[in-house]
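Asker: Read off the chains here:
Protein chains: 2
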Amino acid sequence: MLRRLLIAFCLLFCATTAAHADPLKGEDGYDLWLRYRPVEAAKISDYKTRSSVIVTAKSPTLDAAASELQRGLGGMLGATPPNSSTIADGAIVLVTPADNRGFAIPADLDREGFVIKSTTLDGHPVTVIAGGSDVGVLYGAFRYLKLIQTGQTTAGLDIQDAPKLDLRVLDHWDNLDGHVERGYAGTSLWDWWRLPDLVDTRYTDYARANASIGINGAVLNNVNAKADSLTEPYLKKAAAIAETLRPYGMKIYLSARFSAPMELGGLKTADPEDPAVAAWWQMKANEIYSIIPDFGGFLVKANSEGQPGPGDYKRTHAQGANMLAKALKPHGGIVMWRAFVYSEHDATDRAKQAYLEFQPSDGQFADNVLVQIKNGAIDFQPREPFHPLFGAMPKTQQMMEFQITKEYLGFATHLAYLAPMWEEALQADTFAKGKGSTVANVIDGTLDGHKLTGMAGVANIGDDRNWTGSDFDQANWYAFGRFAWNPESKSADIATDWARMTWSNDPKVVATIVPMMMGSREAVVHYMTPLGLAHLMDTGHHYGPGPWVSELGRPEWNPAYYHKADANGIGFDRTKTGSNALAQYHPAAAKPWLDPKKTDERFLLWFHHVPWDFKMKSGRPLWDELVVTYSQGVDEVSAMRKTWAGLEGQIDAARFDAVTANLTIQEREAQWWRDACLTYFQSISKRPLPAGLTLPGTTVEDYRKRVFPYAPGRG
Amino acid sequence: MLRRLLIAFCLLFCATTAAHADPLKGEDGYDLWLRYRPVEAAKISDYKTRSSVIVTAKSPTLDAAASELQRGLGGMLGATPPNSSTIADGAIVLVTPADNRGFAIPADLDREGFVIKSTTLDGHPVTVIAGGSDVGVLYGAFRYLKLIQTGQTTAGLDIQDAPKLDLRVLDHWDNLDGHVERGYAGTSLWDWWRLPDLVDTRYTDYARANASIGINGAVLNNVNAKADSLTEPYLKKAAAIAETLRPYGMKIYLSARFSAPMELGGLKTADPEDPAVAAWWQMKANEIYSIIPDFGGFLVKANSEGQPGPGDYKRTHAQGANMLAKALKPHGGIVMWRAFVYSEHDATDRAKQAYLEFQPSDGQFADNVLVQIKNGAIDFQPREPFHPLFGAMPKTQQMMEFQITKEYLGFATHLAYLAPMWEEALQADTFAKGKGSTVANVIDGTLDGHKLTGMAGVANIGDDRNWTGSDFDQANWYAFGRFAWNPESKSADIATDWARMTWSNDPKVVATIVPMMMGSREAVVHYMTPLGLAHLMDTGHHYGPGPWVSELGRPEWNPAYYHKADANGIGFDRTKTGSNALAQYHPAAAKPWLDPKKTDERFLLWFHHVPWDFKMKSGRPLWDELVVTYSQGVDEVSAMRKTWAGLEGQIDAARFDAVTANLTIQEREAQWWRDACLTYFQSISKRPLPAGLTLPGTTVEDYRKRVFPYAPGRG
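In order, the protein sequences belong to chains A and B. Sequential numbering of the first sequence, starting at 1, is according to the working numbering. Sequential numbering of the second sequence, starting at 1, is according to the working numbering.
Hints listed in this document are in silico derivations from the structure and should not be mistaken for laboratory results. Hints are not guaranteed to be accurate.
Heads up, the list lumps identical chains together, so a pair's fine if it works in one copy or across two of them.
[Said to hold, decoys possible] Derived lysine-lysine pairs resembling DSBU-like cross-links, with alpha carbons at most 30 Å apart:
| id | residue 1 | residue 2 |
| --- | --- | --- |
| 1 | K236 | K642 |
| 2 | K236 | K705 |
| 3 | K226 | K705 |
| 4 | K705 | K268 |
| 5 | K352 | K451 |
| 6 | K326 | K451 |
Taking the hints into account, I'd like the entire structure generated from these sequences.
Answerer: Take a look at the structure:
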């Protein structure tokens with residue numbers, strides 16, 4: 001009896017101390033959404049009846065699954081179930097086709113899919129986590145843990161799931177010197193200098209976090225690539241990372257510099273039609289696979305922003321991509337070829353150029369090539385209409401490129417939950433095969449019957465302790481994984497899951513945080529680029545406003561190019577009277593955008609140049625609406641700050657204070673965005689502000705003088 | 001009885017879980033030497049009898065002391081003593097002159113000094129920790145904790161101690177964009193972008209670590225300074241850091257750019273004799289103190305490596321320093337003026353230039369100026385003789401500048417415990433006032449009766465989780481603090497304390513680690529720059545060997561300038577027949593170095609150009625000795641690696657593996673240093689290797705071709 005009491009006491013106590021091992025330190029965000037803090041005491045014993053022991057065969061991936069279950073259940077329930085080879089009451093049984101223990105795995109289960117089922121094995125009530133392969137089991141283990149993390153029951157389970165896309169990849173824009181381009185969370189995770197000898201234990205936690213949301217690939221180096229990544233020493237470094245990620249179902253990829261045959265091979269050309277060039281790449285591919293047997297393939301940025309490419313030799317993107325694809329093909333590798341191109345030689349409308357350059361090549365890309373397309377036609381703006389290439393290349397495998405790092409949405413400081421933006425893009429209707437031809441159905445392969453599918457996210461991860469530079473930016477990493485797993489996901493569901501796992505299962509806390517997150521991106525649109533405006537960011541750092549910038553060398557580098565504000569009005573005419581970019585969309589998709597009077601006002605100035613007194617749906621003239629909308633954005637941030645303040649005491653102090661600080665900065669900077677943009681636009685519109693709204697009286701010249709040489713993530 | 005058992009069980013259990021809250025994560029080095037892991041069970045109850053309760057008044061610093069005692073005792077003994085206002089048996093009583101509780105504080109106790117005494121107060125046996133002020137108590141609290149951390153008794157204590165130097169300062173070479181010049185541990189701790197709103201909780205742990213070793217100041221920005229640090233926004237950011245550090249007895253300082261009156265004030269000159277310039281600095285000093293009331297003062301790098309200074313106006317360093325000192329004086333601030341200068345206009349011997357430029361100004365510096373002098377006359381080499389300025393300016397307050405970051409000793413990768421190097425410099429005899437006029441006695445003010453004293457260390461701290469980029473580099477931060485507290489400290493004692501607190505109190509572990517540390521710097525000397533060689537590092541990154549470099553624009557940028565190897569021999573003649581730098585030393589100090597036959601061979605090639613067949617004390621000719629010594633360095637690293645391997649299982653796995661990885665790299669790179677340097681020197685000496693020693697056959701040209709564009713800490 002005493003012994004039992006002691007054990008019971010110990011278990012309770014253990015749970016408490018595991019959660020707050022050193023209360024003076026507080027939470028630091030390192031654990032992400034895998035915090036595994038103790039669940040409410042009343043629920044523990046019920047959960048425990050179904051996690052007495054973990055029955056599993058051995059493999060690196062099954063070991064990872066079992067270890068994660070032990071970590072998670074140990075943390076949440078205060079008792080770590082042992083591993084066992086014997087099934088017992090309440091066991092969690094990990095099942096694979098190679099070791100099915102009598103469980104009937106559904107025949108249609110995808111290699112990466114899983115089943116979680118409450119059932120009976122050998123006469124014992126158990127929970128089976130069955131995978132189409134070991135990695136399916138790992139994904140199932142994380143899903144099982146999520147049930148407890150989010151306060152759901154583990155009784156009577158019958159869940160089957162599998163990813164809808166093949167490639168679910170993080171693109172790290174990390175340079176070999178540790179700098180992360182557009183990174184706002186410290187330097188690169190990859191210590192290239194000391195790899196392969198020193199393999200940071202953090203890489204394992206990185207892999208765990210990714211596996212928990214099904215991300216199965218990482219491009220390790222910047223798309224603005226150096227050829228050095230392809231040299232033997234760097235391949236060995238990459239191999240050490242690959243080895244750490246492998247048990248978690250992740251492959252590594254590299255950004256390939258197209259001119260590498262010249263820089264590394266001493267060739268005089270990188271012409272994809274030159275046999276010596278093709279031979280060099282074949283030799284290089286063979287070398288890579290001899291060092292990294294499950295290497296994923298190449299990501300390529302070609303003929304864009306100074307990068308070399310097939311265009312240097314008057315070859316098409318398809319010719320370039322296919323040459324690389326051929327080299328990788330024998331090894332099972334693939335090529336992700338970016339469609340992000342624009343040229344100073346055709347400055348009529350940057351939004352049109354990717355389509356013009358890529359669409360004619362439809363059907364010419366090899367079957368292990370995907371064309372990787374940003375969600376919009378410009379560049380990761382707070383809001384863009386969907387990219388006209390989606391659905392316009394039915395014979396080409398198209399994958400999505402989202403930007404998780406907030407290059408244009410306030411870096412790591414501003415709170416902006418990006419999932420609603422991604423959902424908006426994925427649910428946009430291309431009409432390519434009639435109504436309902438969503439972007440999601442283009443990239444999941446169902447619309448055109450493609451085999452190979454994928455989604456890439458430009459990572460927001462650095463070596464900051466909390467990984468992403470702020471606690472709320474973790475949500476964007478999480479949401480990306482969820483959309484890559486299933487492009488039909490709903491941002492609100494994702495936010496709810498994330499908030500429960502990251503902050504609290506307290507319904508009041510969840511009901512406060514989720515709406516705040518859901519409105520946050522729209523607030524950024526309002527105070528930065530409302531009503532269809534885009535790219536008003538200052539030069540170089542992309543942090544603050546610079547709508548006045550008009551003197552840069554190339555037209556499309558200037559914000560003035562994008563807003564085209566003049567005495568008559570504002571906006572970019574992309575109708576027939578202007579650049580006619582609208583013609584790149586399917587007529588049915590373009591139709592609602594043809595007439596400014598009928599255009600969704602969120603896209604108005606993207607497609608139309610309209611007079612300052614254009615009458616908006618609110619009844620206000622455009623100028624007034626612009627002022628009101630900018631002001632609304634500021635108000636929305638103020639409201640977020642106040643909402644968050646109301647959570648004091650319900651969130652651990654360290655993270656509460658950090659979010660508070662960021663919201664304080666965001667509120668000040670939202671005001672700056674509003675004031676600077678409206679001051680500038682008023683100097684052109686020459687119109688008074690609507691009643692009750694004011695500007696601080698700072699001149700455009702004063703705003704223009706502000707420089708930010710120390711802004712993070714430059715270059 | 002049951003209750004007691006439960007409590008006893010809980011306490012034991014608590015201690016265990018606090019140590020290994022999440023065993024899957026392992027130790028990550030974040031806790032530094034303040035790990036506070038449970039002590040051996042047999043000792044706990046004894047320690048506990050003298051830590052029943054903490055009796056203290058309230059103040060930010062006393063709160064920090066009490067909180068640290070609670071954290072430390074809670075971690076080590078498994079029971080956190082409560083705070084109380086009532087003295088009881090076994091209390092720890094914090095005593096200050098303002099609240100002495102009847103304890104007789106020694107009249108001569110320094111403001112920063114402390115007494116720890118086992119005594120009786122109000123009839124209760126207690127331990128008094130008395131300070132000359134609140135911060136003395138804080139230092140005493142850390143000392144008390146160290147007793148337990150290192151396994152000593154807390155009974156019968158009677159300890160009195162106080163720092164021997166006034167200024168004990170870390171110099172952060174941190175740029176405002178987060179890059180750390182010569183930093184090898186990630187980016188800057190200071191998030192200038194989000195300060196002052198976002199104050200990282202890590203700053204508190206930084207302050208705790210510093211206070212634990214008595215460091216009482218931090219220069220926040222790089223000596224290669226931008227004037228922006230002195231603008232109001234950046235002063236407010238610095239103020240937020242100052243506020244966090246203040247309770248821990250730390251002041252902040254800023255590197256001041258001498259031309260700031262032109263860059264910020266719009267003046268046409270920064271001439272220190274121009275009244276408008278002086279007035280600008282006075283105005284700036286007043287502004288700084290209005291924002292940071294206890295601001296420490298300025299660090300200045302003037303007329304060195306492109307930095308502006310009084311020399312631009314034909315003024316002396318004293319004129320420049322005194323002008324700044326005058327502006328700070330009314331507020332109690334001080335100036336640390338660096339003596340690190342060398343000019344391309346006098347290329348005869350870089351080692352002579354600081355002396356030539358500074359010594360004539362002896363007696364001209366204001367009483368709130370210290371001249372900050374590197375330990376040697378060149379630049380933080382693995383070994384240099386002491387700087388000839390020490391002792392040569394008796395009317396000037398001189399402070400020491402050590403480099404904790406290992407710019408020339410293998411960055412964060414190579415294991416090199418620097419304390420023996422510093423002890424060597426501090427114990428060097430200047431003979432300025434006869435035998436025994438050590439550098440330590442110059443800088444502690446006793447030799448010349450100076451009031452203001454100090455020591456600066458160029459920090460090796462970044463935002464890496466383990467702070468310093470490797471676990472063993474933490475020892476150098478720790479040792480710097482100990483030497484700054486007491487320049488007469490012994491490196492072996494420091495290593496022993498550090499190893500016990502950082503790794504283990506197991507005598508076998510300590511007896512293994514300490515000798516390894518003690519020999520580690522000499523190993524680096526052997527495989528990088530033996531026998532008095534210096535500055536053989538490659539250009540830019542200072543990581544690998546580059547003895548062949550001779551083509552750079554300024555003579556003293558080239559390793560060939562330093563080794564002067566030719567067909568006849570090798571070494572820099574600094575006797576009368578050469579640069580006569582020896583004449584800058586006191587004759588008695590110079591005497592043992594005049595004759596190459598009598599010179600300590602560790603300095604031989606520093607002072608002499610000697611023939612390749614010069615007979616060494618070993619009986620070997622110099623060339624053979626050089627080869628043997630380089631090889632010995634490699635062997636010493638191999639031995640370290642093997643020694644460390646023997647600790648497997650006695651050290652937590654995460655840190656064990658990381659050190660193993662670094663030693664693996666170090667062994668390979670020691671070999672590279674040996675092979676590259678000897679291959680090059682052999683191409684000049686044209687001599688065969690001694691029997692049994694070989695080179696890999698790589699050519700000098702091959703070594704020369706190796707480039708390292710991604711080496712850490714460039715610039």
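Asker: Does each hint hold? Answer for all of them.
Answerer: Going through the hints against the structure:
{"no.": "1", "hint": "K236 to K642", "result": "between (50 Å within a copy, 24 Å between copies)"}
{"no.": "2", "hint": "K236 to K705", "result": "between (47 Å within a copy, 21 Å between copies)"}
{"no.": "3", "hint": "K226 to K705", "result": "between (35 Å within a copy, 18 Å between copies)"}
{"no.": "4", "hint": "K705 to K268", "result": "between (46 Å within a copy, 21 Å between copies)"}
{"no.": "5", "hint": "K352 to K451", "result": "within (28 Å within a copy, 73 Å between copies)"}
{"no.": "6", "hint": "K326 to K451", "result": "within (18 Å within a copy, 76 Å between copies)"}
When held up to the earlier numbered hints, the structure conflicts with none and fits them all.
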